[in-house]
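Visitor: Produce the complete structure using the sequences and hints provided.
Residue numbers (the numbering used here), protein chains in the order written: chain A, 178 to 374; chain B, 109 to 358.
Hints may be right or wrong, so weigh each one.
[Stated by the list, open to error] Which residues of chain A face chain B? A partial, calculated answer using Cβ under 7 Å:
#1 V231
#2 Q232
#3 E235
#4 K239
#5 L243
Derived from the structure by calculation, the hints contain no laboratory data.
We put the CB at the ideal spot given by N, CA and C, even for glycine.
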Amino acid sequence: MDFSIGIKGQDYVILAEDMNAAHSIILNQQDHTKMLDLNDHLLLARTGELGDGVQCAEYLQKNIQLYQLRNGYEMRSNAAANYIRKYLADSIRSQEPMNVNILLAAYDTISKEPQLYYIDYMGSMATVPFAAHGHGALFSLGIIDRYYSRSMSRDEALSVLKKCIVELKKRFIVNYTSFNVQVVDSQGIHQLDRIVA
Amino acid sequence: MTSRYDRAITVFSPDGHLFQVEYAQEAVKKGTCAVAVRGADCIVLAVEKKAVAKLQEERTVRKIVQLDKHIVMAFAGLSADARVLISRARVECQSHQLTVEDPVTVEYITRYLAQIKQQYTQSNGRRPFGVSCLLAGFDKDSDTPRLYQTDPAGNYFEWKADAIGRSAKTVHEFLEKAYQDDLVADRVGTIKLAVKALFEVVQSGSKNMDVAVIAKDKKLEMLTTDEISKYVSEIEKEREEEAQRKKRGR
Numbered sequence: 178m179d180f181s182i183g184i185k186g187q188d189y190v191i192l193a194e195d196m197n198a199a200h201s202i203i204l205n206q207q208d209h210t211k212m213l214d215l216n217d218h219l220l221l222a223r224t225g226e227l228g229d230g231v232q233c234a235e236y237l238q239k240n241i242q243l244y245q246l247r248n249g250y251e252m253r254s255n256a257a258a259n260y261i262r263k264y265l266a267d268s269i270r271s272q273e274p275m276n277v278n279i280l281l282a283a284y285d286t287i288s289k290e291p292q293l294y295y296i297d298y299m300g301s302m303a304t305v306p307f308a309a310h311g312h313g314a315l316f317s318l319g320i321i322d323r324y325y326s327r328s329m330s331r332d333e334a335l336s337v338l339k340k341c342i343v344e345l346k347k348r349f350i351v352n353y354t355s356f357n358v359q360v361v362d363s364q365g366i367h368q369l370d371r372i373v374a
Numbered sequence: 109m110t111s112r113y114d115r116a117i118t119v120f121s122p123d124g125h126l127f128q129v130e131y132a133q134e135a136v137k138k139g140t141c142a143v144a145v146r147g148a149d150c151i152v153l154a155v156e157k158k159a160v161a162k163l164q165e166e167r168t169v170r171k172i173v174q175l176d177k178h179i180v181m182a183f184a185g186l187s188a189d190a191r192v193l194i195s196r197a198r199v200e201c202q203s204h205q206l207t208v209e210d211p212v213t214v215e216y217i218t219r220y221l222a223q224i225k226q227q228y229t230q231s232n233g234r235r236p237f238g239v240s241c242l243l244a245g246f247d248k249d250s251d252t253p254r255l256y257q258t259d260p261a262g263n264y265f266e267w268k269a270d271a272i273g274r275s276a277k278t279v280h281e282f283l284e285k286a287y288q289d290d291l292v293a294d295r296v297g298t299i300k301l302a303v304k305a306l307f308e309v310v311q312s313g314s315k316n317m318d319v320a321v322i323a324k325d326k327k328l329e330m331l332t333t334d335e336i337s338k339y340v341s342e343i344e345k346e347r348e349e350e351a352q353r354k355k356r357g358r
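Guide: This is how it looks when you write it as structure tokens:
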């Protein structure tokens, strides 16, 4: 029932996610953040089982921090993405698989490139210009296909994002009250204004 | 592993000594000197850099290491042993935060390292770590700088200023005489005292010193050789003036 969406530009990646924390038919929280900073240039948006998501994301965050302390430099986006992918691939082959889908927004400070990784709970990974997880993806991907260009500005990306949200509001059965929006660029991870549907 | 080693290496002597631990402390005394001074708002770690062989790359010798974003450690003794402790401490810092969400306090991680060291003085087939550590940092929600020291026995104490390694006794005596609260009230004063203390041992100057400053919520700052040279020349000048004054005074 969650929805996460990522759009990559020339020098940034925008990630947005719904803020519902629900169990079955009960909505526990409407302002729950499901994004986590893994390091200064890595942002993880998780969808799926809430408890699994927290366990998974915090464990990954601490290991990525440990890497940084051990080696004296940040884990690069590619390394982190593959590490996360392997973690989920191992998890699906274990007795208690994690039911977590991930969008990883990264800025590689060495190659100076933004990256967006689509990783799902089975451990499949794709490097993409834009992506979405959840039922909402079915509504959003067509819209972004229509309007996306690699050279679009952040404001243009945000307006495409808003188009998707309007569509969800209109045609998707689940009501998302607000969306958490963050952006990753060379300066780090920044919080943008919440989008209220 | 322990089933194959059924003999303890660290055993009591008839007069109550643990000789292996004392020998480990001797090993520490052979290591290069590390000095730490706790100021009012920062901690300064000054370590002696051993001269590297001609063909060796200098930057692969690290005596000041970061355990976590807010905790730094300097050590004296066997580097390889220190590496093991550093690795364990780094993992524990993250593990603690994963479990309780809070970053470790300096005391906690000191106690953790001390516990490991003690275990190695009381286990089959293991020898004690030949390392003494100086741990510096700030606790979350506190502006008080903290400085702790651990030894191979697994003892740990909090210090205002401390030295470990080669000629630590000389530096201790110097610090006991020189340390004043108002001297270390600011960053510059604390750095100066730390460099002065290390200077008692490292006569050769700024090339053989590494100085690090730990301040609240700031990244670990390693002083450049030029910055250290400035302090060293200031200290040398003061010493000369002091010597002149003594001569004239007579």
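Visitor: Name the hints, by number, that the structure is in violation of.
Guide: Hints 1, 2 are the ones this structure does not satisfy, whereas the remaining hints hold.
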